[in-house]
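Novice: When the letters of the sequence shown are read in order and numbered with mature numbering (1 follows the signal peptide of the UniProt record, and there is no 0), they come out as residues -19 to -1, 1 to 82.
For the record, the hints were derived by calculation from the structure and aren't laboratory data.
Fair warning: there could be bad hints in the mix.
[Stated by the list, open to error] Below 16 Å or equal to it, Euclidean Cα-Cα: the simulated EDC-like pairs (lysine to aspartate or glutamate) are: (1) 35 to 60; (2) -16 to 60; (3) -16 to 32.
This one's a predicted model, so the numbers in the text were calculated from it and none came from an experiment.
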Amino acid sequence: MPGKILAFCFPIISGLITGQPAQRPPRGVRTVCPLALVLSPTREISMQIHEEAKKVACQTGVRVVVAYGRAPVNQQLRELERGGGHSCFNSRKTSRFVGKS
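From just these sequences and the hints, can you work out the full model?
Specialist: Shown next, in the form of C-alpha cells:
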C-alpha cells in the first residue's frame, strides 16, 4: 500500500510546494480551505494515507491533516483551521464538515 499512496501523495505535495502560497483568511474568521483533498473509503485507509503523506511532507512546510469517524469533530476542525495543505478525509466524514467552516 505505501507505494500506491506515495504515487499520488508525492505529486500533490510537490505541487503545493512549487505552487502559489496560500492566502490566509483575516484573523477571527473561521475558514477551512485545504489546498488538496484526498478522499478514502475507510478510516483505516485514511490513517494509512495520513501517515505516509506526513513522511513525504516532512520538512516541507506542508501540513497534513486527517479527519475520520469516531473522532471528535471539533478537534479535527481545529486542526483543519490551522491551515496547511493536504487533508485526507474518510468519505462519510466529509459530509460532517461541509457547512461547519
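Novice: Each hint needs a verdict: does it hold in this structure or not?
Specialist: Do the hints match the structure? See the list:
no. : hint      : verdict
1   : 35 to 60  : holds, 14 Å
2   : -16 to 60 : violated, 26 Å
3   : -16 to 32 : holds, 13 Å
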